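Participant: Residue strings, one per chain:
There are 2 protein chains.
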Amino acid sequence: MRGLMMDVPLNVSALLDFAAKYHADTEIVSKTVEGPLHRYGYADAAARARRLANALVRLGLAPGDVVGTVAWNGYRHVELYYAISGSGMICHTINPRLFAEQIVYIINHAQDRWLFVDLTFVPLLETLADKLPGVKGFVVMTDAAHMPRTTLPNALCYETLVEAERDAFVWPVLDENTASSLCYSSGTTGNPRGVLYSHRSTVLHSYAVSLIDVFGLSAREAVLPVVPMFHVNAWGLPYAAPLTGAKLVMPGPNLDGASLQALIYDEGVTFSAGVPTVWMGVLNHLAQSGKSLGRLERVVIGGSACPPSMIETLRDRYGVKVVHAWGMTEISPLGTANHPKRKQVDLPPAERDALAARQGRPVFGVDMKIVDGAGNELPWDGTAFGALKVRGPWVCGRYFNSDVVPSHQEAGWFETGDVATIDADGNIQIVDRVKDVIKSGGEWISSIELENIAIAHPAVREAAVIARPDAKWGERPRLIVALEKGEAVTAADLRAFYQGKVASWCVPDDVVVVDDLPHTATGKLLKSELRRLYGSA
Amino acid sequence: MRGLMMDVPLNVSALLDFAAKYHADTEIVSKTVEGPLHRYGYADAAARARRLANALVRLGLAPGDVVGTVAWNGYRHVELYYAISGSGMICHTINPRLFAEQIVYIINHAQDRWLFVDLTFVPLLETLADKLPGVKGFVVMTDAAHMPRTTLPNALCYETLVEAERDAFVWPVLDENTASSLCYSSGTTGNPRGVLYSHRSTVLHSYAVSLIDVFGLSAREAVLPVVPMFHVNAWGLPYAAPLTGAKLVMPGPNLDGASLQALIYDEGVTFSAGVPTVWMGVLNHLAQSGKSLGRLERVVIGGSACPPSMIETLRDRYGVKVVHAWGMTEISPLGTANHPKRKQVDLPPAERDALAARQGRPVFGVDMKIVDGAGNELPWDGTAFGALKVRGPWVCGRYFNSDVVPSHQEAGWFETGDVATIDADGNIQIVDRVKDVIKSGGEWISSIELENIAIAHPAVREAAVIARPDAKWGERPRLIVALEKGEAVTAADLRAFYQGKVASWCVPDDVVVVDDLPHTATGKLLKSELRRLYGSA
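Quick note, the sequences are listed as chains A and B, same order. Residue numbers for the first sequence follow this note's numbering, beginning at 6 and rising by one. Residue numbers for the second sequence follow this note's numbering, beginning at 6 and rising by one.
In short, the hints are calculated from the structure, not lab data. Each hint should be verified, as a subset may be incorrect.
Copies of the same chain look alike in the list, so a pair counts if it works inside one copy or between any two.
Stated by the list, open to error - Computed list of lysine-lysine pairs in DSSO-like fashion (alpha-carbon distance at most 27 Å, straight line):
(1) K296 / K444
(2) K348 / K326
(3) K374 / K440
(4) K444 / K529
(5) K444 / K326
(6) K326 / K490
(7) K136 / K506
(8) K477 / K440
(9) K477 / K444
Because the structure is a prediction, the values reported are computed rather than measured.
All chains should be modelled from the sequences, with the hints used to inform the complete structure.
Facilitator: Following this line, the structure appears as structure tokens:
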């Protein structure tokens, strides 16, 4: 029997409509590329989004069309999120930090019809435009006074476009499974893969991340998304802030410590989210300037683990609580966040700190398991580790226009590529990537665990552990080290250093000493290159 | 274009499964009808719900069947919520406080197949059983040791039934629009009307009420639903607590002040929800005993407005914040809750208190408007009042097995029957019921406003205002008063008392003095009787 409640689909447009109606004068404050701060209320933002929706129609765009954005976090980008998705089109956020070839690939693969581009990125797009045959034109996100001379074909000015339109636009009522936005996940191998979010997944994710045990948003918060809107929708904050009536503070292109501190202080920001490197810049500026973080209460940190010293400094010197979270493009992005349970609140500080280092528990809507190489579920004892799989209504079911689905081999589950433990309270701890783990005789050995031990040796400057093929065990760990200047060490010394720290069968069989280890542009170990050089028997 | 996220329907069973997996040892603590406290974890509750699901099948029940409960708030009732809905059956919660004829009506109207009954209510059901031809049997919610001798036909013992079954049961994956539960709304006129909730509406409502600006639940809270599970699903708390991993504390039949204080204190309850009369009993007990409310932080009060003195006492003497909320059976029940916006946090106390007296703003998912008698929308100025209409995915679309839909005359909107103002921040204040308002010359006059003025007159003990028909204006207000002992007053005196307090056209035209005003069993003015006696020209 069917229930008899109203049939109201979950639509992204309803989020901004709600804020416009019930939080009309709550502000969106944006640092602009042009320089000044821009501020207006949700009612203004909604009116401008409706004008923009009229402009999209005038550009010849129709429901189902893909519209790309290459832009910082700012009010015009918020307007684009809602105008594009609200019209039944697909908002494709493009990460300008990708390699040029990747940007060209994803724009063409997504079949973007028009691109909306911040002033900053006009030069970048000018170098790519002739490789983008499907793009009909470019809208530069600025006003007439700042409109640059550009070689971009069909280049229009955002403000000129919007000002020509009427406020009136009625958002279509869309089937909630309609695609709303698109973000490409850049794996370390192969082409980027598109994750096509729906109105339903976006709204459900927005409810979930607003809960206390995730971001904890309310109409008393001022939210600063440092994490970019071109990277998994700024972790959903441009949707969750209107849902809860929170003030939204956008940093624009200014992500240095001084700019962020000023914005946090001046706008009374209470909540922020970003990666650890951003907070390093903020902390350096605070130390140099003697300034404070004003009303800031909480920062959610994801992407990589926050160093304990940063957590302590933020907490003890600035009264800011760090919350670890874990997610990925394919999970909209939120999977887990780390908040204590009731029974953990009064634990001794050392135990609480140890718990806080984990990536946390899932929010309702996300379900998880860890499996061994044969797909058998592993126990939740905080020790056993395996491939982490997730499922739920805001988890990617398959990639956009792609038949390559290694991550979706088990029906109903998405394989994250991460290796994790889960404890009895459902907290995960990421210990490695599946492709980096050494599969030895049916058991998995964490490369990261072995690397961390090697680094603790006084002679070792940097360490990597990779698999080498082994006739008997399948794979065995090989340790590759770069030494501190003037130091020397034997393989036997290093192997002995592992005794008592890991099971004997986990100790690397052999050691390669090199001058330097190869890195990616962002400073991560380039394990693919190490495997190429040292991965054979 | 369709998004490519996983197709995972929102199912009620997932709420308990989630808590069982990620909050396995978080407790449900229940005061039992038999006497002792019962405590177990969510994992235990889920295992018992699966056994019960097997028992339901053994009773011959099938998906779509309606199963009734007549029970207090307790762990067995929680098991029934999940076992019945999770199996694809419909959990019909029956309010034992209704008149006997109403109980018979709704059991037969809902076509309940089996009834699960707490010990308390066995005598009541024994008097009704012969009027319930569709009910195949009764399960008494107790163990074999407490099983009473009863005249109920086909009477089984809950624990005997459950203990005979296996833990293993796989919840079916249900279309999320499948009906999950049923609750009758008892209007003051006509037969009760059934509201048929769906899995989707229940899960969405659970996300929404868990948000900070509604109940604010987390894994650090201990939640005491005083509001009964037989009345709009205890405001959704038996669903929202597992969603957030909150401890659930159930008061059973003991709703007196001493019992509630002991439970709140002993179990470290942080959050509760109920009607004002319950808190009156608690406050009286606190004043007599000198005891405290322990860790209690917040109580949400709905049903009727909380007297300012109660708000002050709870806040100033016991450190407990009162949150006003508004809802109804047809809204699952939550429509609005009252929490300050950021700009209101630092208002002077008197202004904040005035704001806190309102019923609050909608949570995302609920949309509202107020309209005049002709259906025209009225301004949100905090003064204009009109019929309050709401819509959203957890608002009743139509009643169960009923063609009488006066509340659904405008497509897509539910008419609440309440008359309200809405201010510029979206806060509602309920000022009357539509049927009690006096419709005079196209304008609405609030009967409650006129009654409150009359009561302020020193000679008046109690007052009611009703409409009398008027050839020119349609309706005009008539004041009916009972006087204080020994007092006398003229109609002219009372009319003069209104001068300067309301617009002159709102002053009652005539006054009837009576010895006593008629009341309902629960002490409310019986306006239908007043209209019968004094409502003619």
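Participant: Decide, hint by hint, whether the structure agrees.
Facilitator: Cross-check of the supplied hints:
In the homo-oligomer, the alpha carbons of K296 and K444 never lie at most 27 Å apart, since the shortest distance is 50 Å inside one protomer and 62 Å across protomers. In this assembly of identical chains, the alpha carbons of K348 and K326 lie at most 27 Å apart whether taken from the same copy (19 Å) or from different copies (24 Å). In this assembly of identical chains, K374 and K440 lie within 27 Å of each other by CA distance solely inside one copy; the values are 18 Å within and 55 Å between copies. Proximity of K444 to K529 under the C-alpha cut-off of 27 Å is restricted to the intra-copy arrangement: shortest distance 22 Å within a copy versus 73 Å between copies.
Taking the shortest Cα distances, K444 and K326 never come within 27 Å of each other, neither inside one copy (38 Å) nor across copies (56 Å). Within a single copy, K326 and K490 get their C-alpha atoms no closer than 38 Å, and across copies no closer than 63 Å, so neither meets the 27 Å cut-off. Within a single copy, K136 and K506 get their C-alpha atoms no closer than 53 Å, and across copies no closer than 74 Å, so neither meets the 27 Å cut-off. With identical chains, the CA atoms of K477 and K440 are at most 27 Å apart within one copy only, with a shortest distance of 20 Å there and 85 Å across copies.
For the homomeric pair K477 and K444, the shortest alpha-carbon distance inside one copy (12 Å) is at most 27 Å, but the shortest distance between copies (91 Å) is not.
Hint compliance for this structure: hints 1, 5, 6, 7 are broken, all remaining hints hold.
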